[in-house]
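Peer 1: Could you build the full structure based on these sequences and the hints that come with them?
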Amino acid sequence: MIIFLLENDGNATVREITNYIVEKNKKDGHKFRKSVYVSLKQTHIPMLEREGFLRMERDRVIIENSKLFSDFVSLLQAFKPLFFEK
Numbered sequence: 128m129i130i131f132l133l134e135n136d137g138n139a140t141v142r143e144i145t146n147y148i149v150e151k152n153k154k155d156g157h158k159f160r161k162s163v164y165v166s167l168k169q170t171h172i173p174m175l176e177r178e179g180f181l182r183m184e185r186d187r188v189i190i191e192n193s194k195l196f197s198d199f200v201s202l203l204q205a206f207k208p209l210f211f212e213k
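Numbers given in our numbering equal positions in the sequence shown, counted from 1, plus 127.
Fair warning: there could be bad hints in the mix.
Claimed, not checked - Okay, the calculated beta carbon distance ranges per label pair: (1) D136 to S201: 12 to 20 Å; (2) S193 to K153: 16 to 24 Å; (3) A205 to G156: 17 to 25 Å; (4) G156 to D198: 31 to 39 Å; (5) L203 to N152: 29 to 37 Å; (6) R185 to A205: 27 to 35 Å; (7) G156 to R182: 28 to 36 Å; (8) K161 to F131: 28 to 36 Å; (9) R177 to V200: 30 to 38 Å; (10) R160 to L133: 32 to 40 Å; (11) E143 to N192: 25 to 33 Å; (12) K158 to Q204: 31 to 39 Å; (13) K207 to E150: 14 to 22 Å.
Read the hints as simulated data drawn from the structure, not as lab findings. The C-beta atom is built at its ideal place from N, Cα and C for all residues, glycine as well.
Peer 2: Dropping the structure here:
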């Protein structure tokens, strides 16, 4: 989810993130899509929001530009070949 947000100017709808995750997992079907969406809304997004990585505005997820997030991005970039596909 964080990588998708970074690749999309730091914000996206929950539905766009869901579609990305479904596509990356090469699974489809209503059950899997619904499971991803519910997990994002009830678990992952609230946890990352509490930690200051992002915030929700209506149905949009927006990255918070905090020191913690900058440090995390630096770490991700160090492992770029593992996480970022181009």
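Peer 1: Confirm or reject each hint.
Peer 2: Hints and how they fare:
1. D136 to S201: 12 to 20 Å: For D136 and S201 the Cβ distance comes to about 19 Å; the hint holds.
2. S193 to K153: 16 to 24 Å: Distance hint for S193, K153 is violated at roughly 33 Å.
3. A205 to G156: 17 to 25 Å: Check failed, 35 Å falls outside 17 to 25 Å.
4. G156 to D198: 31 to 39 Å: holds (37 Å)
5. L203 to N152: 29 to 37 Å: violated (20 Å)
6. R185 to A205: 27 to 35 Å: holds (34 Å)
7. G156 to R182: 28 to 36 Å: holds (31 Å)
8. K161 to F131: 28 to 36 Å: violated (19 Å)
9. R177 to V200: 30 to 38 Å: Violated, at about 19 Å.
10. R160 to L133: 32 to 40 Å: violated (23 Å)
11. E143 to N192: 25 to 33 Å: violated (20 Å)
12. K158 to Q204: 31 to 39 Å: Hint holds: Cβ distance 35 Å, inside 31 to 39 Å.
13. K207 to E150: 14 to 22 Å: holds (20 Å)
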